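Read off the chains here:
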Amino acid sequence: MEKTNVPLLEMKNVSKSFFGNQVLQDINFKLEAGQVLGLVGENGAGKSTLMKILFGMNVIKETGGYGGDILINGKKVVFETPFDALEAGIGMVHQEFSLIPGFTATENILLNREPQKKSVLSEVFGERLNTLDRKDMDERADGSIDKLGVHIDKELVVNHMPVGHKQFTEIARELSKDNMNILILDEPTAVLTEKEADALLESIRGMAKRGIAVIFITHRLQEILSVCDKVLVMRDGVIVKDTPAADTNVQEITRWMVGRSISGNPSKAAVATAEKERGKVIMSISRLWVDMPGETVRDVSLEVYEGEILGIGGLAGQGKLGIPNGIMGLYEAGGKVVFDGREIALNNPRKCLDSQLAFVSEDRRGVGLLLDESLEWNVSFPAMQIQNKFLKPYLGGLVKWRDEKAIEEVTNKYIKALQIKCTSSKQPAKELSGGNQQKICLAKAFALEPRFLFVSEPTRGIDVGAKSLVLDALKQFNRESGVTVVMISSELEELRSTCDRIAIVSGGKISGILPAVSASEDFGNLMVSNVR
Amino acid sequence: MKNRKTGYEAPLEKISPARKVLGFARDNTVPLMFILICAICIPLSGFSVNYLLAEIVTRISRNSFLILSLLIPIMAGMGLNFGMTLGAMAGEIGLILVSDWQIWGIPGMVLAMIISIPISIGLGVLCGKIMNMAKGREMITGYIMNYFINGIYQLIVLYAMGVVIPIIHSSIILPRGYGIRNTVSLLAMRQSLDNLIAIRINGVKIPVMTFVVIALLCLFIVWFRKTKLGQDMRAVGQDMEVARAAGINVERTRIISIVISTVLAGFGMIIYLQNMGNLSTYTAHSQIGMFCIAALLVGGASVDRATIGNVFLGVTLFHLMFIVAPSAGTALMGDSMIGEYFRVFVSYAVITLALIMYETKKRKASSKAARELALAQKLEEENK
Amino acid sequence: MKISRTTWFRIAAVAFILLLAGLMMIIGRGHTIYLDDKTLEKDGKTWQALYRIDASVAGSTQEPQTLYARERVLFTVMGQKATLHLQYMEAKGGDKVPVDVSIRIPYGMDGVIVNLPALLAGESQDVFLSEFITVPDVGDTSAEVVVTDEFAVTDI
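Residue numbers (numbering that gives the first Met the number 0), protein chains in the order written: chain A, 0 to 531; chain B, 0 to 383; chain C, 0 to 155.
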């Protein structure tokens, strides 16, 4: 036989449609062993669907299957369930964690694959009465953590791990599968700090050296360039570019992804906003503590000026996400918060909303949206509840009817402004892609027309094109209505291009506040001081 | 100082002795409350310490096996297995047949246990399958299944026995010619396990062999947790979806946990009845589920967590209260009927209270971390 | 059909349990032995009642008992073999003669009557052994009400 280099994975003319809506078309690419493939695309471009097909997830079969062929080592394979894919050597780390909360990292890494020893009863009752070989388990966990290249405490119970560790535990679990030769990582660095993300990239390089092919899905283009061999850019269900990473750069990739050029020079925008005059102090936070697992706030004191856009940044797990969650009453908090001269009661979301504070949470699925309801509902509901907007009063206010027309109008207004990809304003929210769901959350907050807006990770999971859209929308909102915006984000550049000042949270406390125009290194220094 | 399990670094603080006591009291409210009730009722009841000791030893040996059978379903996330009564009924059927065949003593017990096994397995599989259809509502499902299977039990024992199932001795058959009498005497095997090795200390009889059997079950449970099946159950108990995604057969694992519990309940009921010496055919199993679960809760267990320690602490405290409460009530009110009523009232009230208190404790625990933060802030301020 | 190792073990386990059950049925079978010191007439032969017999049965829960002529005592025993330790006095003031006899009780009989004079005369089992048949007292209990109400709390 000839010495052909059969690719490890090959997709030929793969296509998929959901209820008549063509979501994927003509997907063709090859992946060799030890190659790292970066998969980029806007939200809704079809990346997740493609991975679901590769991983044999049920939803694909339930909605009519897919067209085209998948070949592993030159042989055609059909995966009916994720277990088929696992057996063929494909591992996948999803964005949502699949861990048993009360088990240690070791137990999770080896879940349902534990090494066992035969026992007396197992002769009669079968294998399930074998005892677990704890020593071997520890060894294998250690081995898998070594392969990962990042140190995690294997004795720690998942419940009490910081978010980054949970991510690494998931990856370690995939690595501990001996036959795994293709690993799909779906947005693995979303919850990691910059340092942890670097560690992960190093780990991916290690895996590639060992012959594992990695498919790396992310919006952080720098990461793609730094670790991938090949870059696959998808847009609207097709592959628009298949190029070696060495031959391209961030600007080019972005252009292919969105089909339009991205403007925005951080320093120019920052200079412009730095000229703005400072208003009075509109919110003063003193000695705030928040019990948010993974983002504990210990002692934060901060002043926010009216009309400014204040950024809050810092490494993951240091507490920046805890600040808005605590003030808005989603997690137990203590301390003192004074807004516009009046003290706000903590642990009471309603009071905050009544005082015209609004919050766009980073947890859009859990807190942000009513997934089964339509977009209209989602956008208008809080405004209706809190401010009695979009209601037509009858009988002198006794009976309040929903003003359907007004609701539809306002929803469409935001759909246009934020360029939300949907079939109509009546589509259920759960059918939207992640990034578009995020935009709905923003629309919801805007509809409240608040005086003060917390926005937490506004562009998480959103592609490059939409990112600047969202940030511009925020800036516009701030400029036109004078809303004070506090933006929490793990992407420093994003903060620097949007905010006036940036506070850095480290170790649950504020380690410093600098004007946005300050150098990145200065912020970096603040981030790493007092890290817990 | 880093807490290994939580990764949380607690600020170093001097905890005053008073604080320590309060903390302990908060964590163990229900058992402490029971100790208080007993402390009040024991002197009122007028029983001697020796008498109480003898009674408690008897009850521990009689009930522990049954209560231990509840531990495995809790581990698998099935909650409190009200369906243990099904196992009790299987054990009773075994005993009825064994009595009829005039098999006495320990061999009779063993034979009854063997007969109960296939019945328990069948009922356990049925119960487990139905509970799987009602995920999240296993406890109430088990509770209602009791009534259903009780009906079938009565159908068999009250109608089929003597007709379809041959019964040799008409002495245990009702006058009308079929169906088993209200009580079946188990004199022939009465306390056969207890007396096998019994020692007397200070007038208190200790049934050593029974305790050995109980100890063996405890060892089995401890060992079971270390097996693959035990680990699978723990995983299923915490997050069914994650376990399913990992390839564990969630439904089957849950059913197995109920089957094991039912078989053990069958054995436990036989041990219980051999101590009593008398089988109340139609009512023996009716309250057994309720009281075993109450005892377990009193020992500090909750719907999702129970240990062997909970079992023994619970059986001691609960039964102590059960013994002294009526006499204490009589001493207070002067009427014996009041005493009986009082006992039932306290039993049910205690179960309700245990469930409420654990709910409250759970909520308090979740805000514990919050209080620690506030404390940490305060300390820093003081140390500045 | 290849029988796997596990299946062999399972068959063995089930067989073991069945054997155990059978064993329990045999060694656990309880019988009540009624010892009679009565004059027996059978097949034309007569055995006279003895003046006094002191009897005990090995393995029985009952203490040794004494019976005089025309009396009956009861012993319960597990298993099909019973060893009787007897000391009989043929007439008043006579010698006490110790005798140890083993008898085999048929499995199917709950209660057996042993006629001691015949036994001590060395007769065979079908002479001295007869079945004790219980006649349940029908008029004993008035309409026994089966209580099916589970809300009556009994002692636990």
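These are calculated hints, taken from the structure and not from any lab test. In this text the structure is predicted, and so the values were computed from the model without any measurement. Don't take each hint at face value.
[Stated by the list, open to error] Below, in silico cross-link-like pairs of lysine to any residue (SDA-like), each with a Cα-Cα straight-line distance of 20 Å or less:
(1) A:Lys117 with B:Arg243
(2) B:Lys134 with B:Lys225
(3) A:Lys429 with A:Asn20
(4) A:Lys116 with B:Arg243
(5) A:Lys404 with A:Glu448
(6) B:Lys225 with A:Arg139
Hints, verified against the model:
1. A:Lys117 with B:Arg243: violated, 24 Å
2. B:Lys134 with B:Lys225: Not OK: Lys134 (chain B) and Lys225 (chain B) at ~26 Å, beyond 20 Å, violated.
3. A:Lys429 with A:Asn20: With Cα atoms ~16 Å apart, Lys429 (chain A) and Asn20 (chain A) stay inside 20 Å; holds.
4. A:Lys116 with B:Arg243: violated, 23 Å
5. A:Lys404 with A:Glu448: holds, 19 Å
6. B:Lys225 with A:Arg139: Satisfied, since the Cα-Cα distance of roughly 18 Å is no more than 20 Å.
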